[in-house]
Amino acid sequence: MRNVEIKAKITDYENICKVAEELSGGPPTIIKQDDTFYKVNEGRLKMRIYADSSATLVRYDRADEGGPKLSNYELLDFSVNECVKAKLLDEMLKKCLGIRGRVVKERKLFMVDQTRIHIDTVEDLGHYMELEVVLRAEQTLEEGQAIARDLQSKLGVMDEDLIDCAYVDLLDKKNN
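Per the UniProt record's numbering, the sequence shown runs over residues 1 to 176.
One thing to keep in mind: the hints can contain errors.
In silico DSSO-like cross-links for lysine-lysine, where the CA-CA straight-line distance does not exceed 27 Å [claimed, not checked]:
| id | residue 1 | residue 2 |
| --- | --- | --- |
| 1 | Lys18 | Lys39 |
| 2 | Lys87 | Lys154 |
| 3 | Lys154 | Lys173 |
| 4 | Lys32 | Lys69 |
| 5 | Lys69 | Lys85 |
| 6 | Lys95 | Lys9 |
| 7 | Lys105 | Lys39 |
| 8 | Lys85 | Lys173 |
| 9 | Lys173 | Lys18 |
| 10 | Lys69 | Lys95 |
| 11 | Lys39 | Lys154 |
| 12 | Lys9 | Lys174 |
| 13 | Lys108 | Lys32 |
| 14 | Lys69 | Lys18 |
| 15 | Lys32 | Lys85 |
| 16 | Lys9 | Lys105 |
If you are wondering where the hints come from, they were derived from the structure by calculation, not from laboratory data.
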């Protein structure tokens, strides 16, 4: 699967939540996420545990650059009934690969057409915004970038607020 992503530091949390709600036509879905990143040689690999104990193993490749960028990803979902399997896999990956870092956040999810707007409160980091334009099979990278830039503008996110890395990287920088 492919999407185009933008990530940025939020300077006005209340306003961006208000604008995102207006753009989406309704209130957000609140999602609590606990991500464990594993040490891998290429791309990123994380186990995401949700508040209801369901989980998703996520593998993705994304360039560390500011602005709209392509992300290729694969998901392996575990239902609440499969949480024991997810926890076992998590423990196996921790032992085999090692832990790179952990990111705990509360996410406000707003949907605008094919785009997920995430307003995140990240433990030990603060407030961030992420756009994920989910590309349809026939869509080009450039079309996804145009959608992302348009929403970035509507949300009032300035280019100087864009970040070029994942939350786990920001936490690494902060703690080292």
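Hints and how they fare:
no., hint, in the structure
1, Lys18 / Lys39, "37 Å, violated"
2, Lys87 / Lys154, "40 Å, violated"
3, Lys154 / Lys173, "30 Å, violated"
4, Lys32 / Lys69, "25 Å, holds"
5, Lys69 / Lys85, "33 Å, violated"
6, Lys95 / Lys9, "33 Å, violated"
7, Lys105 / Lys39, "20 Å, holds"
8, Lys85 / Lys173, "32 Å, violated"
9, Lys173 / Lys18, "30 Å, violated"
10, Lys69 / Lys95, "32 Å, violated"
11, Lys39 / Lys154, "37 Å, violated"
12, Lys9 / Lys174, "15 Å, holds"
13, Lys108 / Lys32, "9 Å, holds"
14, Lys69 / Lys18, "25 Å, holds"
15, Lys32 / Lys85, "20 Å, holds"
16, Lys9 / Lys105, "14 Å, holds"
The structure shown violates the earlier hints numbered 1, 2, 3, 5, 6, 8, 9, 10, 11.
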